[in-house]
Amino acid sequence: MTTNDNSANHPEAPPVGFLARTLFSTDHKAIGLNYLWLALFSVFLGLAMSLLMRIHLVWPGIRLPFLSGSTLERYAALTTFHGSLMVFLVLTAAPQAGFGNHFLPLQIGAREMAFPKLNRLSFWATAASLVGLTMAFLVAPQTGITLWIASVTLFCAASLCNGINFSVTTIDLRARGMTLPRLPLTVWAWFINAILSTLIFSTLLAASVCLLSDRLLSTHFFPPLNFLAGQPANFVATFLPVLWQRLFWFFAQAEVYIAMLPCFGLVTHLISTFSRKPVWIERLAVLALCGVGVFGFCVWGQHMFVSGMNPFLPLVFSLLASSLGLPAAILLISWLGTLWNARIQLNTSMLFAIGFISLFMAGGISGIFLARHDLAAAAASDEFITGHFHLVMGVAATFAILGALFFWFPKLFGRRLNESLGKLHFWLTFAGVYLVFMPMHWLGLLTRANLYSGSRIAAISAIVAPVRVFITVAAILLVIAQGIFLVNFLWSLFRGEKVEERNPWRATTLEWSVSSPPPADDFGATDPVVYRGAYEFSVPGVAEDFVPQHLAPEQVVKAR
Amino acid sequence: MPGTTSVPEIELIIEDIGGGGGGKPPAGGDDGDDGGDDEKRRRKESHSPRRYSTVIAIALVSILMFFMALASAFIVLRRGSDVWVTVHLPPILLANTLILLASSFTLEAARRRLSLADPSGFRKLWLLTTGLGILFVAGQLIAWRQLVAQGVYIASNQASSFFYIFTGAHAVHLLGGIGSLLYVSFRKFDQKGISLSTASEITSYYWHFMDGLWVFLLALLYLGK
Numbered sequence: 001m002t003t004n005d006n007s008a009n010h011p012e013a014p015p016v017g018f019l020a021r022t023l024f025s026t027d028h029k030a031i032g033l034n035y036l037w038l039a040l041f042s043v044f045l046g047l048a049m050s051l052l053m054r055i056h057l058v059w060p061g062i063r064l065p066f067l068s069g070s071t072l073e074r075y076a077a078l079t080t081f082h083g084s085l086m087v088f089l090v091l092t093a094a095p096q097a098g099f100g101n102h103f104l105p106l107q108i109g110a111r112e113m114a115f116p117k118l119n120r121l122s123f124w125a126t127a128a129s130l131v132g133l134t135m136a137f138l139v140a141p142q143t144g145i146t147l148w149i150a151s152v153t154l155f156c157a158a159s160l161c162n163g164i165n166f167s168v169t170t171i172d173l174r175a176r177g178m179t180l181p182r183l184p185l186t187v188w189a190w191f192i193n194a195i196l197s198t199l200i201f202s203t204l205l206a207a208s209v210c211l212l213s214d215r216l217l218s219t220h221f222f223p224p225l226n227f228l229a230g231q232p233a234n235f236v237a238t239f240l241p242v243l244w245q246r247l248f249w250f251f252a253q254a255e256v257y258i259a260m261l262p263c264f265g266l267v268t269h270l271i272s273t274f275s276r277k278p279v280w281i282e283r284l285a286v287l288a289l290c291g292v293g294v295f296g297f298c299v300w301g302q303h304m305f306v307s308g309m310n311p312f313l314p315l316v317f318s319l320l321a322s323s324l325g326l327p328a329a330i331l332l333i334s335w336l337g338t339l340w341n342a343r344i345q346l347n348t349s350m351l352f353a354i355g356f357i358s359l360f361m362a363g364g365i366s367g368i369f370l371a372r373h374d375l376a377a378a379a380a381s382d383e384f385i386t387g388h389f390h391l392v393m394g395v396a397a398t399f400a401i402l403g404a405l406f407f408w409f410p411k412l413f414g415r416r417l418n419e420s421l422g423k424l425h426f427w428l429t430f431a432g433v434y435l436v437f438m439p440m441h442w443l444g445l446l447t448r449a450n451l452y453s454g455s456r457i458a459a460i461s462a463i464v465a466p467v468r469v470f471i472t473v474a475a476i477l478l479v480i481a482q483g484i485f486l487v488n489f490l491w492s493l494f495r496g497e498k499v500e501e502r503n504p505w506r507a508t509t510l511e512w513s514v515s516s517p518p519p520a521d522d523f524g525a526t527d528p529v530v531y532r533g534a535y536e537f538s539v540p541g542v543a544e545d546f547v548p549q550h551l552a553p554e555q556v557v558k559a560r
Numbered sequence: 561m562p563g564t565t566s567v568p569e570i571e572l573i574i575e576d577i578g579g580g581g582g583g584k585p586p587a588g589g590d591d592g593d594d595g596g597d598d599e600k601r602r603r604k605e606s607h608s609p610r611r612y613s614t615v616i617a618i619a620l621v622s623i624l625m626f627f628m629a630l631a632s633a634f635i636v637l638r639r640g641s642d643v644w645v646t647v648h649l650p651p652i653l654l655a656n657t658l659i660l661l662a663s664s665f666t667l668e669a670a671r672r673r674l675s676l677a678d679p680s681g682f683r684k685l686w687l688l689t690t691g692l693g694i695l696f697v698a699g700q701l702i703a704w705r706q707l708v709a710q711g712v713y714i715a716s717n718q719a720s721s722f723f724y725i726f727t728g729a730h731a732v733h734l735l736g737g738i739g740s741l742l743y744v745s746f747r748k749f750d751q752k753g754i755s756l757s758t759a760s761e762i763t764s765y766y767w768h769f770m771d772g773l774w775v776f777l778l779a780l781l782y783l784g785k
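So the sequence lines, in the order shown, correspond to chains A and B.
Heads up: the first sequence runs through residues 1 to 560, numbered per the numbering used here.
Heads up: the second sequence runs through residues 561 to 785, numbered per the numbering used here.
Treat each hint with caution, since some may be false.
To be verified - Capping the alpha-carbon separation at 25 angstroms, the derived lysine to any residue pairs in SDA-like fashion look like this: (1) B/K785 to A/S218; (2) A/K117 to B/V732; (3) B/K785 to A/F222; (4) A/K117 to B/I754; (5) B/K748 to B/T666; (6) B/K785 to B/T646; (7) A/K558 to A/G496; (8) A/K423 to A/I344; (9) A/K423 to A/P519; (10) B/K785 to B/T666; (11) B/K748 to B/G691; (12) A/K117 to A/F18; (13) B/K785 to A/D214; (14) B/K748 to A/T26; (15) A/K558 to A/E544; (16) A/K498 to A/W37; (17) A/K117 to B/L742; (18) A/K117 to B/I659; (19) B/K684 to B/L658; (20) A/K117 to B/I618; (21) A/K117 to B/L735; (22) A/K117 to B/L624; (23) A/K117 to B/R610; (24) A/K117 to B/L620; (25) A/K117 to B/Y766; (26) B/K748 to A/L118; (27) A/K117 to B/Y765.
As the list claims (entries may be wrong) - Over 10 angstroms on every C-beta distance to chain B, these chain A residues come out as not near it, computed from the model: (28) T26; (29) A48; (30) L67; (31) G163; (32) I171; (33) L173; (34) L199; (35) S202; (36) L205; (37) L217; (38) H220; (39) R283; (40) L326.
Don't read these hints as lab results, they were simulated from the structure.
By construction, the Cβ of each residue, glycine as well, lies at the ideal position given by its N, Cα and C atoms.
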């Protein structure tokens with residue numbers, strides 16, 4: 001075979017230096033890993049911040065780092081920092097940019113992203129926005145706010161470029177035979193999410209540019225007066241940062257789907273692989289993924305064009321619930337249908353995938369409460385909603401990311417994560433998140449209820465304080481349990497059990513057809529050719545219980 | 561030599577327009593045969609044009625979303641405001657608009673020259689288009705200076721904020737287009753990477769889009785008075 005010399009951006013020889021191999025590399029695998037390292041750093045930083053908040057909430061007397069001086073302001077900064085780290089650098093970056101960059105080209109049989117240099121630029125911008133967000137937390141509040149918005153603008157631009165890169169790669173760089181119906185569901189999810197990102201992040205970019213110009217050039221795009229005029233007087237006094245409120249609305253609608261879509265894909269993929277069964281109603285599941293994307297965008301559009309710049313809560317919430325319930329239910333049915341009657345392999349990766357389903361259902365049920373606009377009005381902005389979105393978005397997505405990490409770790413590093421430590425970590429985390437976030441739902445309903453009754457305020461506050469202490473203690477233990485993961489991760493990275501075979505999970509997709517970790521040019525001299533769908537498990541009449549996508553029909557070993 | 565087009569390049573682009581893009585994966589694998597080396601080579605070469613025209617389509621949609629978000633903010637604030645101070649748009653904007661529209665025509669004329677295998681005619685018209693583009697941006701700067709001379713700054717009122725942000729954001733995007741025009745003019749197109757015909761084609765998409773976008777923004781500013 002001739003060597004692969006006709007793709008312009010493909011590196012001729014593998015670069016040698018450490019920086020050249022990591023930070024300055026245009027290789028999709030190196031960039032994907034960079035994003036994952038960034039997310040790993042951010043998630044532990046964010047966890048530390050959340051602990052500070054919890055401890056300060058229950059024991060305000062304790063002197064904590066970052067909370068000296070004007071405590072109210074510092075606390076707000078802490079919340080913002082925790083939220084932006086988790087939402088942007090972890091939930092948005094890890095499943096899409098991290099795993100996506102590394103595995104999307106491998107799974108579709110491309111050797112690179114469509115625009116490798118643009119890809120590297122996006123990574124640099126993301127890293128710079130992390131630095132900016134951290135600096136914003138450390139400097140004086142007014143400068144910090146401006147810096148924060150600038151960092152978010154940068155992050156938007158990076159995500160936009162990423163989205164464009166992912167879409168083009170999926171459309172144009174698929175291997176021979178990799179037709180759309182044969183795409184793995186992970187690729188579908190990344191692809192739909194990429195399109196959603198290009199649409200939504202450009203809108204976010206416009207918003208943040210306006211906001212930035214309001215702060216730097218004193219323009220009047222988000223006049224506080226219009227918004228405040230309709231609010232009661234005490235509201236105005238206690239709730240000044242209206243600019244934040246607006247930007248938050250821009251983000252909140254879209255970000256949930258941006259974070260969740262790739263996780264849906266990852267979980268579907270894991271469940272099918274470890275159930276040794278094809279994805280049940282695969283076509284419908286793909287349509288449901290599209291539906292999440294379309295509805296997610298429509299909810300945004302509704303917010304933007306019908307209700308204009310004024311958040312019109314009931315309408316948005318009702319639409320959200322009614323339109324997104326359908327694809328979410330289809331995905332759930334597909335997962336349960338795949339699991340039904342299957343020979344399930346309960347390894348850590350699968351445990352996290354099933355944990356995801358549990359969290360998704362729990363969070364979805366509290367979502368129904370929030371979809372009722374009368375209940376939403378009562379529950380919004382207190383602990384009920386904090387519990388709800390942490391469960392359904394934050395923790396569920398983290399479970400999907402962890403499941404994917406356990407699944408792909410052998411491919412990424414050529415070693416396995418320790419299964420016993422992994423399972424211990426899973427069970428502690430699974431119990432921990434319910435112990436932390438379930439009581440929050442209850443607290444939210446309880447503290448609201450006293451507004452209406454009035455007589456039992458003392459009795460209720462006597463219950464509330466110990467529950468808050470309970471949540472905080474549970475949160476501390478939960479974070480300590482993450483130490484198990486960190487130890488497991490670092491230990492396995494250097495000392496973990498080596499994986500000699502290419503396909504330890506007996507999975508079907510193309511990334512398992514190359515050695516672990518994948519070589520610099522991914523597929524070697526010959527381009528991969530795809531002969532079948534992504535989930536051919538337990539095919540009747542075949543010796544093995546899986547048929548890889550790259551296996552030609554004549555190579556398939558028939559059962560005796 | 562910039563401006564020279566080899567026949568295979570033109571054939572490639574014709575094939576691309578005809579929808580025979582080789583990047584599309586062939587259906588099915590039940591036929592074991594691999595298509596042969598020749599087909600493989602052709603398929604790989606045609607990766608490039610396809611991915612460039614795909615990226616420009618997606619990028620244009622996202623740029624459209626960016627400006628639609630600004631436009632919807634404009635419309636919402638315009639309707640909701642009781643104290644809207646209008647900005648008197650400088651007349652030079654009309655001249656600028658005509659210049660930009662003309663540049664679209666010269667660009668198309670240039671591309672026709674290219675398809676008729678007339679590299680020098682292409683180059684002249686292409687440079688004329690670039691010049692018109694630069695003239696437009698200069699005209700926009702003059703419009704800004706005229707407004708500043710009248711005491712209308714970006715922070716004066718909402719209408720002026722929108723005027724500056726619309727024209728500014730459009731000019732930034734147009735500068736990207738001018739960069740791309742210059743790239744096509746001065747890059748050496750050899751066999752590697754993007755071909756001249758592809759580069760000029762996607763530049764033309766971008767340029768016409770910027771053209772139409774400007775007409776839309778101008779209409780919005782006039783109607784919003």
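Okay, the hints, checked on the actual structure:
no. : hint             : in the structure
1   : B/K785 to A/S218 : 22 angstroms, holds
2   : A/K117 to B/V732 : 21 angstroms, holds
3   : B/K785 to A/F222 : 20 angstroms, holds
4   : A/K117 to B/I754 : 15 angstroms, holds
5   : B/K748 to B/T666 : 22 angstroms, holds
6   : B/K785 to B/T646 : 5 angstroms, holds
7   : A/K558 to A/G496 : 35 angstroms, violated
8   : A/K423 to A/I344 : 16 angstroms, holds
9   : A/K423 to A/P519 : 30 angstroms, violated
10  : B/K785 to B/T666 : 32 angstroms, violated
11  : B/K748 to B/G691 : 20 angstroms, holds
12  : A/K117 to A/F18  : 18 angstroms, holds
13  : B/K785 to A/D214 : 22 angstroms, holds
14  : B/K748 to A/T26  : 24 angstroms, holds
15  : A/K558 to A/E544 : 8 angstroms, holds
16  : A/K498 to A/W37  : 21 angstroms, holds
17  : A/K117 to B/L742 : 20 angstroms, holds
18  : A/K117 to B/I659 : 34 angstroms, violated
19  : B/K684 to B/L658 : 20 angstroms, holds
20  : A/K117 to B/I618 : 18 angstroms, holds
21  : A/K117 to B/L735 : 21 angstroms, holds
22  : A/K117 to B/L624 : 24 angstroms, holds
23  : A/K117 to B/R610 : 18 angstroms, holds
24  : A/K117 to B/L620 : 20 angstroms, holds
25  : A/K117 to B/Y766 : 21 angstroms, holds
26  : B/K748 to A/L118 : 21 angstroms, holds
27  : A/K117 to B/Y765 : 23 angstroms, holds
28  : T26              : 14 angstroms, holds
29  : A48              : 35 angstroms, holds
30  : L67              : 36 angstroms, holds
31  : G163             : 8 angstroms, violated
32  : I171             : 5 angstroms, violated
33  : L173             : 7 angstroms, violated
34  : L199             : 5 angstroms, violated
35  : S202             : 4 angstroms, violated
36  : L205             : 6 angstroms, violated
37  : L217             : 5 angstroms, violated
38  : H220             : 5 angstroms, violated
39  : R283             : 17 angstroms, holds
40  : L326             : 25 angstroms, holds
The earlier numbered hints that this structure contradicts are 7, 9, 10, 18, 31, 32, 33, 34, 35, 36, 37, 38.
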